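In order, the protein sequences belong to chains A and B.
135 is the number that numbering that gives the first Met the number 0 gives to position 136 of the first sequence; each next residue is one higher, with no gaps.
102 is the number that numbering that gives the first Met the number 0 gives to position 103 of the second sequence; each next residue is one higher, with no gaps.
In case anyone wonders, no lab produced these hints; they're calculated from the structure.
Mixed in with the good hints there might be a few duds.
Stated by the list, open to error - Cross-link-like lysine-lysine pairs, in silico, DSBU-like; alpha carbons within 35 angstroms at most:
id: 1; chain 1: B; residue 1: Lys57; chain 2: A; residue 2: Lys110
id: 2; chain 1: B; residue 1: Lys57; chain 2: B; residue 2: Lys5
id: 3; chain 1: A; residue 1: Lys5; chain 2: A; residue 2: Lys102
id: 4; chain 1: B; residue 1: Lys102; chain 2: A; residue 2: Lys58
id: 5; chain 1: A; residue 1: Lys102; chain 2: B; residue 2: Lys110
id: 6; chain 1: A; residue 1: Lys17; chain 2: B; residue 2: Lys109
id: 7; chain 1: A; residue 1: Lys58; chain 2: B; residue 2: Lys75
id: 8; chain 1: B; residue 1: Lys58; chain 2: A; residue 2: Lys1
id: 9; chain 1: B; residue 1: Lys1; chain 2: A; residue 2: Lys109
id: 10; chain 1: A; residue 1: Lys109; chain 2: A; residue 2: Lys140
id: 11; chain 1: B; residue 1: Lys32; chain 2: A; residue 2: Lys17
No experiment lies behind these values; they were computed from the predicted model shown.
Number of protein chains: 2
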Amino acid sequence: MKVSFKFDSSSGFETTDKNRAVYISCSLVEGEKRYSPTELLLISMGSCTSDDVLSILKKMRQEVRSYSCEVDGLKKDDPPRVLKYANVTYRFYGNINPDNARKAIHLSLKKYCSVSIMLERGGVNVSYSMFINDDPYEERKNVEEISEAEGI
Amino acid sequence: MKVSFKFDSSSGFETTDKNRAVYISCSLVEGEKRYSPTELLLISMGSCTSDDVLSILKKMRQEVRSYSCEVDGLKKDDPPRVLKYANVTYRFYGNINPDNARKAIHLSLKKYCSVSIMLERGGVNVSYSMFINDDPYEERKNVEEISEAEGI
């Protein structure tokens, strides 16, 4: 697996594969607001676990009509400014059993989602929140607190 | 710091901030090739360290006329499919002293680049290669081998 990008003095960094362009901020370049490398990391983490969770829910024959996701994180003040925490908020809409949704999330965050697992092993406090049809079911539940009893 | 994206049944995941759109593959959606979450992670890592290195070289008054970067990585076969390794290839063009470039890279990978440092702490073998005007100066040098004597 290989990616490439180049520096452009007017825009920052841009991937060299034009068919799937990503633009990234560089502190040497002022101008249009792009995603920063750390924001891109949060998008990577959120999309990695979302892919797992939606695939597992499909296998469970749950009807997900729409889905969105937010990831928020906070960096340390001093270098290296690694993430103190990252929280994934899963927002499901449709006819979904909360226990199934929880089980899918736990399977992802504990077993399958390589990005979140690398970050957790690297010292980041990973947690999640879950909403179904805008009703809250979990609020910043820490991945470390997910026990064997919870469906893994 | 917060990012958000949504699932779209025809395209996969897309960020909800239209001014800086990123599209990501989802295994439930066939179609146009997007970056996968892990490819996005490699872009995040490469751009994080590239920002450091170009900023440090500017402070050192090195003349970088152009710059590109590649990041390659390999995932494990079994879940969680975390990265075995990630190698950053820095390609500088211009009037650049190799020792200064090496020092800038070492400062980034050992002290400043939060993304690569989180991944290394998480068990990923991080290394780098360096070219100046297409001449090779380092080839997959492991970050663990960078000693105090090398300018950190």
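Structure-based check of each hint:
no.	hint	result
1	B:Lys57 with A:Lys110	violated (43 angstroms)
2	B:Lys57 with B:Lys5	violated (38 angstroms)
3	A:Lys5 with A:Lys102	violated (41 angstroms)
4	B:Lys102 with A:Lys58	violated (51 angstroms)
5	A:Lys102 with B:Lys110	violated (38 angstroms)
6	A:Lys17 with B:Lys109	holds (32 angstroms)
7	A:Lys58 with B:Lys75	holds (24 angstroms)
8	B:Lys58 with A:Lys1	holds (30 angstroms)
9	B:Lys1 with A:Lys109	holds (23 angstroms)
10	A:Lys109 with A:Lys140	holds (13 angstroms)
11	B:Lys32 with A:Lys17	holds (11 angstroms)
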